[in-house]
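Asks: Chains as they are written, first to last, in UniProt numbering: chain F, 1 to 226; chain Y, 1 to 281.
Please keep in mind that the hints were generated in silico from the structure rather than gathered at the bench. It is possible that some hints are incorrect.
Stated by the list, open to error - Below, in silico cross-link-like pairs of lysine to any residue (SDA-like), each with a Cα-Cα straight-line distance of 20 Å or less: (1) Y:150 - F:4; (2) Y:149 - F:71; (3) Y:164 - F:189; (4) Y:164 - F:91; (5) Y:91 - F:4; (6) Y:91 - F:79; (7) Y:116 - F:189; (8) Y:212 - F:75; (9) Y:149 - F:81; (10) Y:162 - F:7; (11) Y:150 - F:86; (12) Y:118 - F:198; (13) Y:164 - F:7; (14) Y:91 - F:189; (15) Y:150 - F:198.
Said to hold, decoys possible - Across the chosen pairs, the derived CB separations fall in these ranges: (16) Y:82 - F:214: 52 to 62 Å; (17) F:3 - Y:148: 30 to 40 Å; (18) Y:262 - F:77: 51 to 61 Å; (19) F:72 - Y:61: 28 to 38 Å.
Given the structure is predicted, the values throughout are model-derived calculations rather than measurements. Cβ coordinates follow ideal geometry from the N, Cα and C atoms, glycine included.
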Amino acid sequence: MDELFDQFDIWSAFGQTIYLAFFSALGALILGTVLAVMRVGPVGIFNRAGAAYVNLVRNTPLTLIVTFCLLALHYQLKINLAPATSSTSIVDNGVRWAIVGLIVYHAAFVCEALRSGINTVPPGQAEAARSIGLGFGQSLRYVVLPQAFRGAIAPLASVLIALIKNTTVAYAIGVAETAAFMRDALEFRPDLSLMIFLLVAGFFVLLTMPLGILLTNLSQRMAVKR
Amino acid sequence: MKTRRIGALIGATTLALALGACGSSDDGTASGGSSGSAADGDSIKIGIKFDQPGLGLFDAGKYSGFDVDVANYVAKELGKTNVTFIQSPSKQREDLIATGQVDLIFATYSITDERKQKVSFAGPYFVAGQDLLVATDSDITGPEGLDGKKLCSVTSSTSAQKVKDSYPGVQLQNFDTYSKCLDLVVNGQLDALTTDNTILAGYAAQPAYKGKLKVVGKTFSEERYGVGLKKGDVALCEKVNTALKKMVDSGEWQKAVDANFGPAGFKVDTATNPPKTDACS
Chain F
1 MDELFDQFDI WSAFGQTIYL AFFSALGALI LGTVLAVMRV GPVGIFNRAG
51 AAYVNLVRNT PLTLIVTFCL LALHYQLKIN LAPATSSTSI VDNGVRWAIV
101 GLIVYHAAFV CEALRSGINT VPPGQAEAAR SIGLGFGQSL RYVVLPQAFR
151 GAIAPLASVL IALIKNTTVA YAIGVAETAA FMRDALEFRP DLSLMIFLLV
201 AGFFVLLTMP LGILLTNLSQ RMAVKR
Chain Y
1 MKTRRIGALI GATTLALALG ACGSSDDGTA SGGSSGSAAD GDSIKIGIKF
51 DQPGLGLFDA GKYSGFDVDV ANYVAKELGK TNVTFIQSPS KQREDLIATG
101 QVDLIFATYS ITDERKQKVS FAGPYFVAGQ DLLVATDSDI TGPEGLDGKK
151 LCSVTSSTSA QKVKDSYPGV QLQNFDTYSK CLDLVVNGQL DALTTDNTIL
201 AGYAAQPAYK GKLKVVGKTF SEERYGVGLK KGDVALCEKV NTALKKMVDS
251 GEWQKAVDAN FGPAGFKVDT ATNPPKTDAC S
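Using the sequences and the accompanying hints, generate a full structural model.
Replies: Put into structure tokens, the structure is as follows:
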């Protein structure tokens with residue numbers, strides 16, 4: 001075990017995974033919420049645009065999205081997310097484009113989870129909000145969305161857990177996260193393969209299991225009792 | 001009407017999937033067999049790369065490359081007439097040998113001490129070295145001129161590790177396959193692709209990149225390609241070594257080198273090639 005920690009920078013690989021997961025989750029939550037509002041809103045064109053986005057992205061492999069981000073957007077269209085002249089531009093661009101790819105992909109799932117949450121809110125709630133004079137934005141903000149989020153915690157938790165594990169796809173564009181460490185270690189230390197598997201599996205279980213238990217618990221406590 | 005159309009769609013999808021399954025089982029048949037080890041019968045299972053032009057390539061139903069030629073020669077010398085090739089991606093090589101799914105591995109398999117803990121090696125049958133593949137008009141002449149350049153390689157390859165350790169001023173873009181690097185180097189978005197010169201030569205000789213890429217020709221490491229076999233099988237190792245020696249002495253080795261690396265204009269380093277085989281253990 002110590003040999004592995006001496007030979008490979010395992011902590012920075014684990015750290016990179018957490019960094020990817022944190023910022024992707026944050027971004028996906030924001031973009032997903034916007035999409036969900038678009039899909040339930042009264043404007044037809046937004047409905048269709050939101051539905052088209054979800055159906056397109058949800059049915060595209062994540063590896064493809066992430067690779068497309070770096071190869072097409074960064075290298076072909078020369079969109080830089082880090083200064084091109086900096087001495088770490090490749091690493092920074094890789095990490096940031098990976099986060100973009102993860103956000104784009106998981107926003108579709110966040111949107112659908114939220115929409116299922118919105119469906120738990122009885123239509124009477126929205127009608128009541130309208131009847132006391134709240135506009136669409138106000139009734140969404142003060143009446144529907146707070147209840148929708150509380151109802152959507154469990155499906156959002158599933159999306160978050162999937163997202164954490166999906167960060168491993170970033171190795172395809174060379175981000176030095178946990179999956180890259182695993183490949184490195186398996187390549188150079190095949191004699192320790194079992195240890196490597198256990199270590200990586202343990203890390204992910206440690207990350208996702210408490211989160212899953214916590215959020216399931218939270219979803220039960222926060223659920224709107226009707 | 002609508003149900004019939006849906007039915008037709010499902011039928012078409014099933015058919016497509018079934019056909020797809022047929023296609024993939026062509027190269028999958030190899031792993032299905034459970035014939036004996038290398039020691040008996042006249043059949044042998046040999047692990048090679050399927051995706052490495054010039055070394056081990058499975059394309060349009062045919063196997064080609066230097067590894068394949070050496071493997072065929074050794075198999076013939078061992079008295080095996082029925083050779084089955086099995087795809088051996090880098091990560092799976094140790095396990096394929098340990099579980100007996102292959103008898104020998106000829107797959108750009110560098111001899112290292114870590115690997116020797118799980119498998120035994122015959123050979124080496126070739127000494128390659130890490131080199132650079134650059135665009136034809138590039139001014140890079142060797143590893144010294146790399147400071148501040150952008151290099152491409154594959155995650156967890158020995159070459160990527162080596163660059164990271166020896167040339168800290170270099171920026172490294174890693175991908176999961178070499179093919180993603182090629183276009184970026186051709187179009188100048190990255191400065192060079194680095195890995196074993198044998199692999200680079202194979203890419204430089206591909207029709208799509210002919211005249212656009214060149215191998216720099218200054219190696220800065222030594223990769224000794226060995227034949228992987230079951231750990232501790234000294235008898236088999238010695239037989240393979242004898243066959244390799246005979247291949248070199250008879251001139252067949254040189255023929256295989258010329259046939260596979262010649263078209264790329266790749267000069268084999270004659271100071272280290274053909275290599276002397278190690279003692280078996």
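Asks: Work down the list of hints and note, for each, if the structure agrees.
Replies: Evaluation of the provided hints:
1. Y:150 - F:4: violated (28 Å)
2. Y:149 - F:71: holds (18 Å)
3. Y:164 - F:189: Distance ~18 Å between residue 164 of chain Y and residue 189 of chain F Cα, so the pair holds.
4. Y:164 - F:91: holds (13 Å)
5. Y:91 - F:4: holds (17 Å)
6. Y:91 - F:79: violated (34 Å)
7. Y:116 - F:189: Holds, at roughly 11 Å.
8. Y:212 - F:75: Distance of about 19 Å is within 20 Å: holds.
9. Y:149 - F:81: holds (19 Å)
10. Y:162 - F:7: holds (14 Å)
11. Y:150 - F:86: holds (12 Å)
12. Y:118 - F:198: holds (19 Å)
13. Y:164 - F:7: holds (13 Å)
14. Y:91 - F:189: It holds: about 11 Å lies between the C-alpha atoms, which stays within 20 Å.
15. Y:150 - F:198: Roughly 35 Å between the alpha carbons, so the hint for residue 150 of chain Y and residue 198 of chain F is violated.
16. Y:82 - F:214: 52 to 62 Å: holds (59 Å)
17. F:3 - Y:148: 30 to 40 Å: Check passed, 34 Å falls within 30 to 40 Å.
18. Y:262 - F:77: 51 to 61 Å: violated (39 Å)
19. F:72 - Y:61: 28 to 38 Å: Holds: the Cβ-Cβ distance is about 33 Å, inside 28 to 38 Å.
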